[in-house]
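Peer 1: Spelled out, the chains give:
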Amino acid sequence: MSRIDDANRDAVDRMIEARPRLVGLDAAIQAIPGMRENLLLHAGPPITWQNASGPLRGAVIGALLLEGLASDARQAEEIMLRGEVDLEPCHHHQSVGPMAGVISASMMVYVVENQTHGNRAFSNLNEGYGKVLRYGAYSSEVMERLRWMNQEMGPSLAEALGAGDPLDLRALLAEALHMGDEGHNRLKAGSLLMLRHLAPRLAKTCQDAVRLERILEFIGANPLSSLNPVMAACKSMADAAHGIEESTLVTAMARNGTQFGIRVSGLGDAWFEAPCELPKGLYFPGFSAQDANPDIGDSTITETAGIGGFAMAAAPAIVTFVSGTPRDAHDTTLEMYEITAAEHRHFTIPALDFRGTPTGIDIRQVVEKQITPRINTGIAHREAGIGQIGAGLVRPPAVIFEEALLAYAERYDVG
Amino acid sequence: MPVVLAELRRGAYADSAILMQLQRSLQELPGVRDAAVLMGTPANLELLQQAGLWTAEAAKARADDLVIVVQAETETVARSALSQIDELRRRRSSREAGHYRPRSLETALRTFPEARFASISVPGAYAADLTREALAAGLHVFLYSDNVPLSDEVELKKLSASRGQLLMGPDCGTSILGGVGLGFANRVRRGSIGLIGASGTGLQALSCMIDALGAGVSQAIGSGGRDLHEAVGGVTTRQAMRLLAEDPDTGVLVLVSKPPARRLAGHLIGLAASIAKPVVIDFLGFPPPAPRLGNIHFASTLEEAARRAVELSGNRDEGINDPLPPGQFAPPQRWLRGLFAGGTLALEILPMLRALIGEVDSNLEAEPSSLTGDGHRIVDLGSDEFTAGRLHPMLDQTLRIRGLLQEADDPGVAVILLDVVLGDGAHPDPAAELAPAVARAKQRAREAGRNLEVVVLVIGAKQDPQGRDRQVARLEKAEARVEASPAAAALLAARFVKASGETPQQEMPPVDRTPFQGPPAIVNLGLESFYESLIDQGAAAIQVDWRPPAGGDQRLSALLRKMK
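Sequence lines, in order, name chains A and B.
Going letter by letter, the first sequence gives residues 1 to 415 in our numbering.
Going letter by letter, the second sequence gives residues 1 to 564 in our numbering.
Treat the hints with care, as some may be off.
[Stated by the list, open to error] A short, non-exhaustive set of chain B residues, derived as facing chain A with CB atoms under 7 Å: (1) M20; (2) L47; (3) L53; (4) R103; (5) A550.
I should point out that these hints are in silico values taken from the structure, not numbers from a laboratory.
Note that the structure is a prediction, hence the values are computed from the model and not measured.
For glycine and all other residues, C-beta sits at the position ideal for the given N, C-alpha and C.
Just need the whole structure built from these sequences, with the hints factored in.
Peer 2: See the structure below:
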C-alpha cells in the first residue's frame with residue numbers, strides 16, 4: 001500500500017463510517033453557517049448571475065419573490081444585475097440542493113448530523129414533481145406551495161422530529177437499496193420509510209387534522225420526499241472524508257447548470273470545473289434533447305457517497321431511462337467498482353450477492369481507465385419555469401479529473 | 001395533416017420507465033411524428049394536451065389506465081404503430097444481455113478470485129507493468145507480448161523466480177497447461193510427455209508430432225524467446241524443469257530451444273541430469289556432446305526429439321540415473337579436477353563435461369588454459385610437458401598420485417576424475433598404487449571436514465593381465481566410484497558437481513503444481529481471440545477489456561505510475 005492508498009483508505013473509511021441522522025428542521029438563516037438575508041445558495045460550483053442557466057435564474061427569481069426582496073421577475077433580475085444579493089454554492093455552506101438547489105434565508109431546511117464525526121449538513125424540502133422552484137418555476141402555484149411548505153409543513157415536521165429519536169438515514173438508505181431504490185433517481189422506498197418514521201410523530205404533535213392530512217398526503221404522494229435529507233446525509237458522509245492529506249478521493253461532484261465541478265479530499269477547497277454535458281435519457285411527451293438544459297444540481301452528492309448511479313444494480317426498475325436492461329444496471333455498478341476505493345460496508349446490493357456499493361471515487365482510477373462516474377439525473381427544461389422534461393444518465397467531463405490529477409501532482413510534488 | 005390516434009388499456013399498470021422506453025420505440029417508427037405511452041393520471045393527461053396529442057379517446061382515461069397515443073403522417077401509419085406495441089415490448093425484453101467485462105486485472109480478480117494465470121497480449125510498451133501487477137497478484141503469467149525491453153524481462157523473471165511463480169514469456173507463443181492451449185497451440189492428446197521450449201513453433205511442431213505418434217502431452221511450457229539469453233539465465237526453463245520433474249503425470253521431459261548461451265547449456269543439461277526421469281534435449285544447432293548421457297537423450301531435430309520422447313514414454317524406467325551415494329559437500333567445494341593418463345579419453349569427456357557443468361579448463365586444446373587456481377579442470381598427464389624425462393602415466397603413476405593428493409587438499413575441490421587403462425604393456429597393477437592413494441586422499445579430505453568424491457574410468461577387458469574385475473573391486477574398496485564408459489564417468493562426476501555448491505540458482509522456491517493439474521483458471525488481457533479459444537477449450541476464463549492507461553496520454557500515465 002502506498003501513502004496515497006493509505007490516505008484514501010482513511011478517507012473512505014470515514015465516508016463509510018459516517019452515520020448521518022436527521023435531527024430536525026429549521027429556517028436556513030438559523031441553521032446554516034454563514035447564511036444571511038441577502039444571500040442565495042445554489043447548486044454546483046460558484047457561478048455569477050450572468051452565467052447562470054435558465055432553470056437557475058428562474059429559481060433565483062422565485063427565491064427573491066419568496067423572501068419579499070422582489071415583487072416581480074423583472075425587479076428580481078435587476079436586483080441580481082446590481083449585485084444586491086449574493087450567490088454562493090450550497091457546498092460552501094455544508095448544504096446541498098437538488099437541481100437549481102436554491103436555498104434562501106427563510107426556507108426550512110433539514111438538519112442532518114453525522115453522529116460518528118459530529119459534522120452537520122443541510123438541504124431544503126422537496127416540492128415534488130411538475131412545476132417546481134428547483135426546475136426554475138416561480139408561478140403563483142409554485143410560490144404558494146413553497147409558502148405552505150415553509151410556514152406549515154416545515155414547522156410541523158420540526159416539531160414531530162423533536163418528539164422522538166432522530167431518523168437514522170444510513171439505516172434508511174441501506175434498507176431502501178434492498179427495496180429497489182438507488183438513492184438518487186428512485187427514492188420510492190426511502191420516501192415511504194421516511195413517512196413511516198414521521199407519521200406517528202406527526203400524529204402525536206400536529207393538532208390540526210386538516211394540516212396533518214395535507215402533510216401526510218404531500219409526503220406520501222411524492223416519491224422524492226426523501227431525496228433532500230438523503231442528499232444531506234451523503235453530504236455529511238462526503239464532508240467527513242474531505243481534507244485528508246494526500247487523498248485522491250472525490251468528496252464533491254456538483255453542477256450549476258453551466259459548469260460541472262468536483263472537489264478532491266486532499267486538494268482543499270479548489271473546484272475543478274468544465275462545461276456540463278447534456279444528459280442522455282428519455283423525455284416526457286412533447287420534449288426532446290433540444291429542450292434540455294445542461295446537467296444541473298447537487299444531487300450527484302449521492303454518487304459521491306456510493307449510491308445513485310453507483311447502486312444501479314439495486315434498482316433495475318429505473319434502467320430503462322436510458323433504454324437499458326436490468327443487465328445494464330448490473331453492469332453500471334460493476335463498472336463503478338473500477339474507479340472506487342472500497343465497497344460500502346452498510347450499503348449492499350442483493351442482486352450482487354450483497355456486495356457493498358462502489359464507494360469513494362479515486363481520480364487516479366478515473367484518469368487511468370478513462371471511466372467517468374455514472375450519474376442518474378432528472379433533466380430540466382432549458383427555460384426557466386417549465387420544469388422537468390425527462391430523466392436519464394450523464395457523466396462528468398473527463399477533463400476535470402485530469403485537471404485535478406495535475407493539480408494534485410503540483411500540490412504534492414509528484415514527478 | 002397529421003393524424004392522432006389513441007388506445008386505452010384499462011387497469012394495465014406498467015412502470016413509467018418501461019412506458020418511456022416503449023414510447024421511444026414508437027417514436028422511432030417510420031412515419032411517426034410523436035408518441036406517448038403513459039398512465040392516465042391528470043398530470044399526464046395535461047401533458048398530452050400540451051403536446052398536441054389530445055384525443056377524445058384519451059379524455060376517457062383514468063389514472064390506472066394505460067394510454068397509448070400516436071401522432072403520424074397518415075392514419076395507416078398510426079394504426080400500424082398502435083398494433084406494434086406488444087411486439088415492441090416483447091422485442092425489448094428478449095434483447096440479448098451484454099456481459100460486463102472488467103477493465104483491469106484488479107477488478108477482474110475481484111469477480112474471479114479463483115484465477116491463477118494471467119494471459120497477457122497487450123502492446124509491448126504496457127506489458128511489463130501489467131506483468132508486474134499480475135505477479136504481485138500471485139498469478140502465473142503467460143506473456144505473449146513481444147517488444148518488452150530485456151532489462152524489464154530480467155527484472156520480471158527475478159521477481160517471478162523469487163516468488164515461485166512461472167513467467168512464460170515475453171514473446172511466448174505457446175503453452176498447453178492442464179490440457180488447455182494458451183496463445184497459439186494445437187489440440188493434441190493428453191499424455192505423459194512434458195514439453196519445455198523457448199520456441200513457440202518448436203513446441204507446436206513437437207506436440208503435433210508426438211500426437212501423430214500416438215502419445216500425448218502432459219504440459220507444454222513456453223519459456224519465452226529470450227529465456228535462454230545469458231542475461232535472463234533460463235529462469236523459466238529451470239523452473240519448468242523442476243515443475244515437470246515433480247509432476248506425477250509427466251514421465252518424460254523434452255527440452256527444445258535455439259542454442260542457449262554456453263554456460264547456460266551446462267546449467268540446464270546438468271539440471272536435467274539431476275532429474276529422475278528421461279530428458280530429451282534438442283538445442284537446435286547445438287552439437288550434442290553424445291547421443292546420450294545417462295537419462296539425457298540428445299536429439300538434433302524436432303522429429304528425432306519427438307520419436308525419442310515417445311519411445312521413452314513407453315518405457316519410463318529406462319535410462320533413469322541411479323541415485324547418488326549420500327554425502328554432503330562442504331560449502332566451498334564445487335570444482336571438478338580430472339587427472340588423465342589417456343588423452344583421447346580426456347578429449348572425449350571434455351565436451352560432455354562442458355555440456356553438463358559449463359566451463360572446464362584443460363591442456364588439451366591448441367591454446368591451453370591456466371592449470372592453476374579455481375575452476376573445473378581436466379589435465380592430460382600424458383601430454384609432452386609432463387612426460388619429458390619420465391615414463392608415461394600409464395606406466396608410472398607417481399605424478400598422478402601426487403596430483404590426486406594435492407587436489408584432495410584443495411578446499412574448493414569436490415570431485416576428482418581419473419582414468420585407468422589396463423592391458424598388455426600397461427602398468428601391471430595400477431589399482432595396487434591408486435586405491436591406497438584414493439583412500440588416503442579421501443581420508444585427508446575427511447579430516448579437513450570435507451566429503452571428496454573420486455570417479456575412476458576403468459578401460460579394460462575381462463581377460464587383461466591385470467584382471468579388470470580385481471582392479472575395479474580394489475578401487476571400489478577404497479570408495480572410488482568406478483565407471484566403464486566416458487559418458488557414464490562424465491555424467492557421474494557432473495552430478496556430484498551439481499550436488500555440491502555449484503548452482504545457487506537452485507535456491508529458487510519451487511512452483512506449486514496444483515494450478516497446473518486441471519484446466520487452468522485464466523484472466524485474459526489483450527487479444528480477444530485468445531479468450532474465445534480458452535472458453536472454447538473449456539477453461540475458466542475472464543476477458544479484461546484492457547485499454548492503455550489514461551487513454552495513451554504519456555504525461556498522465558507517467559504521473560499515474562508515480563502515484564501508485
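Peer 1: Which earlier hints can't be squared with this structure?
Peer 2: The structure conflicts with no hint, since it agrees with every one listed earlier.
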